[in-house]
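Following the hints, put chain U in place on chain F, whose structure we already have.
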Amino acid sequence: MEPISGTPFLVASVIKILFTFTLILVLVAIWTLVERRVCAWMQGRLGPNRVGFEGILQPAADGLKNIFKEETLPPFADKGLFILAPMLSFVPALLTFSVLPMAAPLPTPWGYVNLAIADLPVGFLFILAISSLGVYGLALAGWASNNKYSVMGGLRASAQLISYEIAMGLAAVAVLVLAGNITPNEIIARQQQMHTWFVFPLFIAFLVFYISSFAETNRLPFDLPEAEPELVAGYHTEYSAMKFSMFFIAEYSNLLTASALIVVLFFGGWDIPFTSWDNTAPYSVAKTAATFGAFWVKTLFFYFTYIWVRWTIPRFRFDQLMDLGWKILLPITLAYVMIIAVAVWALDDRGISMNDRRYGLILSAVSLLLGGLLLWILDRGRVVSGSSTRARAAWKREVASHMGAD
Amino acid sequence: MAITVKTMRRPAPGKTSYLRATLKGMRLTFAHMFQPKVTMQYPEQRDADKEWTLSKRWRGTHRMSVDENGKAKCVACGLCPQVCPANCIKLVPGEDEQGNRYPLVYEIDEFRCVFCGYCQEVCPEEAIHVGVHYENAEYSRDGFVYDLERLMKQTHEVSTLWDPSDPKGE
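If you read the sequences in order, they're chains F and U.
Using the working numbering, the first residue of the first sequence is number 142, and each one after it goes up by one.
Using the working numbering, the first residue of the second sequence is number 359, and each one after it goes up by one.
Isolated chain F (complex conformation):
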């Protein structure tokens, strides 16, 4: 069967757009509830369980409330940008998902339907480009509010994004070296072909990518742009009602996209593990449904870990955040990309093909070695020591030298 084309392609695209849009918004709505309930459970509370069965209608109630609340427009704000900012963060957050395939192609009488809205040949570059656009919303929101705290939040958002975008991009380079393509579908296909998910041969890249994704989505422990104890609410201090809600939706859909991205890049996308039944033609509706399920199970797991981590780890200080981004993650990824490139070159030079299981195994062994080394170094605690401990050490040295002088 051929890929779908012509009028059916248009119809299918519209359906896919509506479906994905609805799915994301519904998931985001549910996840605001999941976040509150899981956080409550972790703290020995019950969480919101009043509206509907076990609080399932709480997001609807919240949405309704937010629509009817007063829209404040501070007199000192830059009106145009103030209104534009939530849209600027909302739209890219939803756009990014459009290139991620959610399941195996769906066969229809008119041809295969690719389960990504747009199967762009430059898919991954598109994701990097659009996901970085979201920070304009944050920075503009901070600036347009004409409020010191908001500006601080916006500036932090942009500084943080720039710092971690580099590490994230470099970690993705490792994936691209192995995949040899930047189309999400091809990246998934390569993982299926290699009989391994990229998380095994590219463990450190995954680690860096995962950590960076927290910073990219302004999620705890890196939610400096809205750090409540310091900045009231950061960039959205001046926002109320639905405009505030849009920042919220944007944050959660960014998280969803980040989880889906991690799954596509490192966890085989819609691939079902230990079987090649799902990724060989002929495709059927059952295969599409099964792979769709597999994709969402993996994605929602990562979506959940964002909540889990948020309620476990306290917020970083800004200098610690910058330290981690520039002094640790960046050098690690730089070195790692080199090593992976050399390893891939060496394997290719030996004439071992990608379809050979040895290919993945050797790379995994390299990764295991490097990962073990990295974790050993990290576990020595020399890396994330705060400036306070350094200051105390310096002070101790000074005291010791004085004692010696006496």
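Worth flagging that the hints you see were computed from the coordinates, not collected in a lab.
C-beta atoms are modelled at their ideal positions from N, C-alpha and C, and glycine is treated no differently.
Treat the hints loosely; a few may be bogus.
Some chain F residues close to chain U (C-beta under 7 Å, calculated; not the full set) [unchecked claim]:
| id | residue |
| --- | --- |
| 1 | Arg178 |
| 2 | Trp182 |
| 3 | Met183 |
| 4 | Pro189 |
| 5 | Ile518 |
| 6 | Leu519 |
Here chain F is said to cover these stretches of chain U; the calculated rule only asks that three of the stretch's residues, wherever they fall, bring their Cβ under 8 Å from a Cβ of chain F [stated by the list, open to error]:
| id | region |
| --- | --- |
| 7 | 376-385 |
| 8 | 390-403 |
Same frame as chain F, now just chain U:
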């Protein structure tokens, strides 16, 4: 108790492991998800646990004691409006044919009341009490002015006064 400075012994750099600490924390929070919850689901579930009952000395909504004839014990001596720091008790004394004083009007504004319990302490007839009760929501401000009849109709437990010989209430 003497005030002391507690010095936190923090490990020196190079001796700590943030990685393991993080993983331990993650395990802890995950385990906590499945542990019993402490929330009391208030309107449906109340005083379900002994720890959640109010103290016997809780000073809440007032209550007027009633004698065996069903009349208020109050003799309108005027001590409670005198001692009331919030000035929330309104008392108009009256006298019957036998010369017994009784309150013509006895009103307590629960909104003004600071629930100090002085009225109960000062009452020579043990008539007016503060009670072990806290649910007195109303739809209007007028509803918070309790008249004599309403004070007599209250059925909740009255609060126990602080006894200097037994300061902890044992």
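Structure-based check of each hint:
no. : hint    : verdict
1   : Arg178  : violated, 10 Å
2   : Trp182  : holds, 4 Å
3   : Met183  : holds, 5 Å
4   : Pro189  : violated, 11 Å
5   : Ile518  : violated, 10 Å
6   : Leu519  : holds, 5 Å
7   : 376-385 : holds (count 6)
8   : 390-403 : holds (count 9)
Hint compliance for this structure: hints 1, 4 and 5 are broken, all remaining hints hold.
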